[in-house]
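S.K.: Chains W and F are the protein sequences, given in the same order.
So for the first sequence, full-length UniProt numbering puts the first residue at 1; every next one is plus one.
So for the second sequence, full-length UniProt numbering puts the first residue at 1; every next one is plus one.
Check each hint, because a few of them may be wrong.
To be verified - Pair ranges (Cβ atoms, derived):
(1) F:His278 x W:Lys214: 41 to 49 Å
(2) W:Leu108 x F:Val255: 21 to 29 Å
(3) F:Gln262 x W:Asp155: 35 to 43 Å
Hints are computed from structural coordinates only; laboratory data are not their basis.
The structure displayed is predicted, hence computed values, not measured ones.
Every residue, glycine too, gets a C-beta built ideally from N, C-alpha and C.
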Amino acid sequence: MKTQRRNFLKIAAMAVLGWGVRPASELMAAGGGTASEGLLFASRHKVHAGPNTLTASRWAMVIDTAKLNEKVMEDIVHTCHSIHNVPTIPGNQNIKWIWETHMDHLFLEDLHEYQPEAGAKSALALCNHCDNPPCVRVCPTKATFQREDGIVMMDFHRCIGCRYCMAGCPYGSRSFNFMDPRKHLETTNPDFPTRTKGVVEKCEFCAERLAEGKMPACVEVSEGALAFGDLADPESEVRKLLAERFSIRRSPTLGTKPCVYYLV
Amino acid sequence: MLEKAINGSKIYWGWIAFLLLLMSIGAACYWQQLSHGLTITGMSRDVTWGFYIAQFTFLVGVAASAVMLVIPKYLHNYQKFGKILILGEFNAVAMVILCLLFIVADLGSPQRLMNVLLHPTPNSVLFWDMVVLNGYLLINILVGWVTLEAERKQVAPPKWIKFFIYLSIPWAVSIHTVTAFLYCGLPGRGYWLTAVLAARFLASAFAAGPAFLILVTYIAKIFTGFDPGKGVLSTLGKTVVYAMCVNLFLLLCEVFTVFYSQIPSHMAHLQYLFVGYHGHGVLVPWMWSAMIMAVVGILILIDPKNREQDNLLIIGCLLIFIGAWIDKGLGMIGGGFVPNPLHEITEYVPSQLELGVSLGIYATGFLVLTILYKVAIGVKQEIE
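Sequences and hints are given; from them, build the entire structure.
M.R.: Structure below.
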């Protein structure tokens, strides 16, 4: 009896030890050389490119606030939310991937009271796909991760719903599924997954469309108000716009290096 | 030694039954949360952490009280604390269990809890919080049990346990520091983005923790006749009042920095908490009550003569404990989210189901605390 107990304890201890060591060794294997600036350990994920995939060194978006109007913004929000199965939930436990808000909320420190028109004007808010994303830094499971092309992605299946990324994001760009989102979907796009309750979600720069060679849906329906391209390519449309026009970013002093630029 | 927990008076069993009843109420509420999601809480897209995380943050502090006994006993050879040291260590066990339960209750997908271990992420402070909390739990279970067993056999504790006793000192500091670091490295959250946050957490912990310990020791004394020894609790009361003074001082440092600099995003949270912001101020009466309780508690306990009187010591500790609870258990987390980084105001009030779950968790913690104290005090009375 005594030896049995000892053996059992031995096996149990080895099993626990092995279980503890395994992920740590995985971590070491993944750690080497892939850490990006500002992220000590969170690795950048390689992008798996197919034959048609649109690729870039650094994807970025430019929003021309002069070209935005109510109709364009409504179309953009509607298109994005319907193809990505984003539910319409009343109240403050809602989900937003891209939404309309006043400029003075977007640019708290850049506008002043003598620009009443600029402040009252609306523009679009979405995930900034920061170069130095706080959400990736704080996520305890790597459910939020960054690809090498800069897109900040969500792994819905790994998220434990701790909402640390939401506390970390200084742009309010993330939403949490407080309830079952499927009950609030009128129609479902079968080409994109629906989510479950208890996970965080957000805009992913239409990574699934880029993989098929298509531009992000919001850019397509924006009637020229939104441009999307490679920040590393001097010939890209986004670089040309940034060179020609004056642009601002949201809360640049926080050091997150947002990759959504607003032309004003 | 656990057999001590199954021999008790009617009052003891009545209390256990009462806790089990509260636990089943909590379980029923948690069942609602599991089936409907965190939508049953008062949290929102803007205020994403609420009552659960606030309770965890506060209770990490209460777990600290053990170290305020370990340091004098082992580093300064102050033997008087020897008698209640075990109560401090078992209190830490119960409180850390409460912390862990509150964290799990807050998860949107608790079935994936193990992902934190399966995909360890050293860049996340949450990972380190998991490490330090579980470590502190294990250290206190080990130290408490081994020293108590030695005491029962009336032999000196084994030498190797000393290592864990000394390890528990920096480890206790680490649980507060790491918990503060959860908040104070986040861009765009002005209320938390301050280097004194960890120091403030430690100060309020060393006030609230020993205050709680004093109160439960009195309760134990009433029901079991356990005598902590002359002057032990009033000496511990000194720790409480000094720590609360430091806590208030750090808060005033914060107020000066924020309001002299006049940076709006940092001022907004304190304004929201203490005077209301754009017509919103659900926490204003609470925060002022907390401040008044802290000041009155300090005024009572700062006088050594008052600390010698049981009634005044109890009142002072109650005031300081409740004051610290409001400050950390309501204001610290809720106030940090309002207003949000887009300067929109969404207020937060915990829902009834959320409070029901919390009640059940608290009952679980008190059940653990009761059983451990029953064992500890039983052993102490057996050898006398």
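S.K.: For each hint, tell me whether it holds in the structure or not.
M.R.: To see whether the hints hold, each was checked on the structure:
1. F:His278 x W:Lys214: 41 to 49 Å: Cβ of F:His278 to Cβ of W:Lys214: about 43 Å, so the range 41 to 49 Å holds.
2. W:Leu108 x F:Val255: 21 to 29 Å: For W:Leu108 and F:Val255 the Cβ distance comes to about 22 Å; the hint holds.
3. F:Gln262 x W:Asp155: 35 to 43 Å: Since the Cβ atoms of F:Gln262 and W:Asp155 sit about 42 Å apart, the hinted range of 35 to 43 Å holds.
In terms of the numbered hints stated before, the structure departs from none.
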